[in-house]
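For the record, the sequence lines run as chains A and B. Under our numbering, the first residue of the first sequence is numbered 1, with each subsequent residue one higher. Under our numbering, the first residue of the second sequence is numbered 320, with each subsequent residue one higher.
Treat the hints as calculated values from the structure; they're not laboratory data. There may be inaccurate statements among the hints.
As the list claims (entries may be wrong) - Here are the simulated lysine-lysine pairs, DSS-like style, with alpha carbons at most 27 Å apart:
{"id": "1", "chain 1": "B", "residue 1": "Lys-498", "chain 2": "A", "residue 2": "Lys-294"}
{"id": "2", "chain 1": "B", "residue 1": "Lys-337", "chain 2": "A", "residue 2": "Lys-316"}
{"id": "3", "chain 1": "B", "residue 1": "Lys-405", "chain 2": "A", "residue 2": "Lys-294"}
{"id": "4", "chain 1": "B", "residue 1": "Lys-498", "chain 2": "A", "residue 2": "Lys-177"}
{"id": "5", "chain 1": "A", "residue 1": "Lys-316", "chain 2": "B", "residue 2": "Lys-443"}
{"id": "6", "chain 1": "A", "residue 1": "Lys-165", "chain 2": "A", "residue 2": "Lys-153"}
{"id": "7", "chain 1": "B", "residue 1": "Lys-498", "chain 2": "A", "residue 2": "Lys-96"}
Said to hold, decoys possible - Now the in silico label distances, taken between C-beta atoms and shown as ranges:
{"id": "8", "chain 1": "A", "residue 1": "Asp-272", "chain 2": "B", "residue 2": "Gly-472", "range": "54 to 60 Å"}
{"id": "9", "chain 1": "B", "residue 1": "Thr-362", "chain 2": "A", "residue 2": "Gly-212", "range": "29 to 35 Å"}
{"id": "10", "chain 1": "A", "residue 1": "Pro-102", "chain 2": "B", "residue 2": "Ile-506", "range": "40 to 46 Å"}
{"id": "11", "chain 1": "A", "residue 1": "Ser-59", "chain 2": "B", "residue 2": "Phe-361", "range": "43 to 49 Å"}
{"id": "12", "chain 1": "A", "residue 1": "Arg-275", "chain 2": "B", "residue 2": "Leu-426", "range": "51 to 57 Å"}
{"id": "13", "chain 1": "B", "residue 1": "Thr-464", "chain 2": "A", "residue 2": "Asp-272", "range": "47 to 53 Å"}
{"id": "14", "chain 1": "B", "residue 1": "Leu-487", "chain 2": "A", "residue 2": "Glu-187", "range": "45 to 51 Å"}
{"id": "15", "chain 1": "A", "residue 1": "Gln-301", "chain 2": "B", "residue 2": "Phe-361", "range": "18 to 24 Å"}
{"id": "16", "chain 1": "A", "residue 1": "Glu-73", "chain 2": "B", "residue 2": "Glu-402", "range": "46 to 52 Å"}
{"id": "17", "chain 1": "A", "residue 1": "Glu-126", "chain 2": "B", "residue 2": "Trp-350", "range": "41 to 47 Å"}
Unchecked claim - Over the 10 Å line for every Cβ pair with chain A, so calculated as not near, a few chain B residues:
{"id": "18", "residue": "Ala-340"}
{"id": "19", "residue": "Asn-368"}
{"id": "20", "residue": "Pro-369"}
{"id": "21", "residue": "Ile-370"}
{"id": "22", "residue": "Lys-405"}
{"id": "23", "residue": "Tyr-429"}
{"id": "24", "residue": "Gly-430"}
{"id": "25", "residue": "Ala-439"}
{"id": "26", "residue": "Lys-443"}
{"id": "27", "residue": "Leu-496"}
{"id": "28", "residue": "Leu-514"}
{"id": "29", "residue": "Arg-524"}
C-beta atoms are modelled at their ideal positions from N, C-alpha and C, and glycine is treated no differently.
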Amino acid sequence: MSTSFRIPSSEITPEHLYLTRRDFIKSMGIAAGSMALAACGAAPSTSTASTPAPNINASAATDELGDPLTPHEVVTGYNNYYEFTTDKEDVAPMAKDFPTSPWEVAVGGLVKNPKTYMMEDLLKFEQEERIYRLRCVEAWSMVIPWVGFPISKLLNEVEPTSDAKFVRFQSIYAPEKMPGQLSGWYEWPYTEGLRLDEAMNDLAIFATGLYGKPLPPQDGAPIRVVVPWKYGFKSIKAIVKIDLVDVKPTSLWMAAASNEYGFYANVNPDVDHPRWSQATERRIGELSRRPTLKYNGYEEQVADLYVGWDDRLDTKTSS
Amino acid sequence: MDRPLVHIRAWERLPEIKFSAAQIIIHLGSWAPLLILIYGGFTNGLTVNPIQHLTFYTGDTAIRLLILSLACTPANTLFGFREAIKLRRPLGVYAAIYAAIHFGIFLFDYGFDPNLLYEAIFEKRYALIGFAALIILLPMALTSTKGWQKRLGQNWKRLHQFVYLAGLLVVIHYAWLVKSDIRAPLIYGGIVVALLMARIPAVRRIAASARGRVAHKLSNTGKEVRG
Numbered sequence: 001m002s003t004s005f006r007i008p009s010s011e012i013t014p015e016h017l018y019l020t021r022r023d024f025i026k027s028m029g030i031a032a033g034s035m036a037l038a039a040c041g042a043a044p045s046t047s048t049a050s051t052p053a054p055n056i057n058a059s060a061a062t063d064e065l066g067d068p069l070t071p072h073e074v075v076t077g078y079n080n081y082y083e084f085t086t087d088k089e090d091v092a093p094m095a096k097d098f099p100t101s102p103w104e105v106a107v108g109g110l111v112k113n114p115k116t117y118m119m120e121d122l123l124k125f126e127q128e129e130r131i132y133r134l135r136c137v138e139a140w141s142m143v144i145p146w147v148g149f150p151i152s153k154l155l156n157e158v159e160p161t162s163d164a165k166f167v168r169f170q171s172i173y174a175p176e177k178m179p180g181q182l183s184g185w186y187e188w189p190y191t192e193g194l195r196l197d198e199a200m201n202d203l204a205i206f207a208t209g210l211y212g213k214p215l216p217p218q219d220g221a222p223i224r225v226v227v228p229w230k231y232g233f234k235s236i237k238a239i240v241k242i243d244l245v246d247v248k249p250t251s252l253w254m255a256a257a258s259n260e261y262g263f264y265a266n267v268n269p270d271v272d273h274p275r276w277s278q279a280t281e282r283r284i285g286e287l288s289r290r291p292t293l294k295y296n297g298y299e300e301q302v303a304d305l306y307v308g309w310d311d312r313l314d315t316k317t318s319s
Numbered sequence: 320m321d322r323p324l325v326h327i328r329a330w331e332r333l334p335e336i337k338f339s340a341a342q343i344i345i346h347l348g349s350w351a352p353l354l355i356l357i358y359g360g361f362t363n364g365l366t367v368n369p370i371q372h373l374t375f376y377t378g379d380t381a382i383r384l385l386i387l388s389l390a391c392t393p394a395n396t397l398f399g400f401r402e403a404i405k406l407r408r409p410l411g412v413y414a415a416i417y418a419a420i421h422f423g424i425f426l427f428d429y430g431f432d433p434n435l436l437y438e439a440i441f442e443k444r445y446a447l448i449g450f451a452a453l454i455i456l457l458p459m460a461l462t463s464t465k466g467w468q469k470r471l472g473q474n475w476k477r478l479h480q481f482v483y484l485a486g487l488l489v490v491i492h493y494a495w496l497v498k499s500d501i502r503a504p505l506i507y508g509g510i511v512v513a514l515l516m517a518r519i520p521a522v523r524r525i526a527a528s529a530r531g532r533v534a535h536k537l538s539n540t541g542k543e544v545r546g
């Protein structure tokens, strides 16, 4: 792949996203038979005045690799949230009135200090911004400026016992407000898990906001996990229950298809999904695929967790 | 075929062609998805993941048109809807066109990179099977004219019976692609299998006799009403 529609970091506005799309379709319309032309498409042309979403902010315009943040309206308008619907663009309107206050998170299991936290308590942990890449198992990705706090801070407070080996997270079960939970294809509520040392890694956070604002419902409000070196489905949303356990938790996706979705689900371009390649991804806002990075570009920070581990074993041992 | 198989230039033949309502609906309906996509391209209507949207949309359209094309013969044999026979070819050709566009978007998606494409097509079974379906559909579309029908003789029918294999392949192609909820491909698959079964002579006989009974009853009812 020679060309890519990189958006200059100085010009991050939704309009540029439209323009690249428009250019693409235009060139496709002209050259239906020779779509190669579209791949050499022109640079985004100058746009009309932009109107960014109100009060959003981020400390930087790019991630540490220099790639631009995914626009706010895209992060909040294109969501995988099966509790509402499988249609990514319908999640936001359907989740609009989802009540996220009051909200409690019960932390228990193999801990010395079990406690039910009110959301207000959780916001007392020092909130910091983390600009992370999010790589979906469906091979698309975004760059998102989350706001939140390391999972380790909460775990240190409840003090896991020496028997605790894993952390199990559960989402809210509210089928009357989340019609997708009426679907019998999945075992609700959404459940995910991390090995205790993974959860203690500094990169693993609870997110409570994005772009400097509280999380909108469609992005997992009021509190969700973000583990950026794993596929997006590991980053469970709308958490109400956290348990420290001694056996490996079975996630919703493991229960649905254990041969396809493993417990670890680390982003790895060398380990394909059984039915599609994970070697490349579509960064939302770009028209060319780009190579997927091992552990989503966080190899240095998490490699010590996986010494002697082969991601190839993930879907073979979890069944 | 009541029209003689003489080669006439298209423009000479044009004034004679009369389009039925069904034909007009089929042609407009087949162009509509493409126009919707082009319109979407100008109005920010292709989602933020336009390549995926274009891929899914054209693929889904191709499957639906192919199934409609497959339904034409049974619509005539089972239900006596003779008009359907004329719709079979355009529907099949449109299905092949959408399949080709779908494949073109796939090529673009992988940047026409031979290594990536080789891996994507030949190492992933869902892509391979979709590719196989395209390989079946394209020669069928190209040989769907009367001229080719005449040229190929008996072989024409043999070639075009592969449409059922293509129908089954695209359903499997779709089923192997979805994450877990396979309702949509199951519905498509059920329809293709039902249409395939409708070609079994015994089924056709039963349908024909049932239709005869219904027609008989209807004509009797008519008499009663009039009487």
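Against the structure, the hints come out as follows:
no. : hint                                : in the structure
1   : B/Lys-498 <-> A/Lys-294             : holds (23 Å)
2   : B/Lys-337 <-> A/Lys-316             : violated (62 Å)
3   : B/Lys-405 <-> A/Lys-294             : violated (54 Å)
4   : B/Lys-498 <-> A/Lys-177             : holds (24 Å)
5   : A/Lys-316 <-> B/Lys-443             : holds (19 Å)
6   : A/Lys-165 <-> A/Lys-153             : holds (17 Å)
7   : B/Lys-498 <-> A/Lys-96              : holds (26 Å)
8   : A/Asp-272 <-> B/Gly-472: 54 to 60 Å : violated (46 Å)
9   : B/Thr-362 <-> A/Gly-212: 29 to 35 Å : holds (30 Å)
10  : A/Pro-102 <-> B/Ile-506: 40 to 46 Å : holds (42 Å)
11  : A/Ser-59 <-> B/Phe-361: 43 to 49 Å  : violated (35 Å)
12  : A/Arg-275 <-> B/Leu-426: 51 to 57 Å : violated (20 Å)
13  : B/Thr-464 <-> A/Asp-272: 47 to 53 Å : violated (42 Å)
14  : B/Leu-487 <-> A/Glu-187: 45 to 51 Å : violated (31 Å)
15  : A/Gln-301 <-> B/Phe-361: 18 to 24 Å : violated (43 Å)
16  : A/Glu-73 <-> B/Glu-402: 46 to 52 Å  : holds (48 Å)
17  : A/Glu-126 <-> B/Trp-350: 41 to 47 Å : violated (58 Å)
18  : Ala-340                             : holds (29 Å)
19  : Asn-368                             : violated (6 Å)
20  : Pro-369                             : violated (5 Å)
21  : Ile-370                             : violated (6 Å)
22  : Lys-405                             : holds (27 Å)
23  : Tyr-429                             : violated (7 Å)
24  : Gly-430                             : violated (4 Å)
25  : Ala-439                             : violated (6 Å)
26  : Lys-443                             : violated (6 Å)
27  : Leu-496                             : violated (7 Å)
28  : Leu-514                             : holds (26 Å)
29  : Arg-524                             : holds (40 Å)
Of the numbered hints stated above, those contradicted by the structure are hints 2, 3, 8, 11, 12, 13, 14, 15, 17, 19, 20, 21, 23, 24, 25, 26, 27, listed in ascending order.
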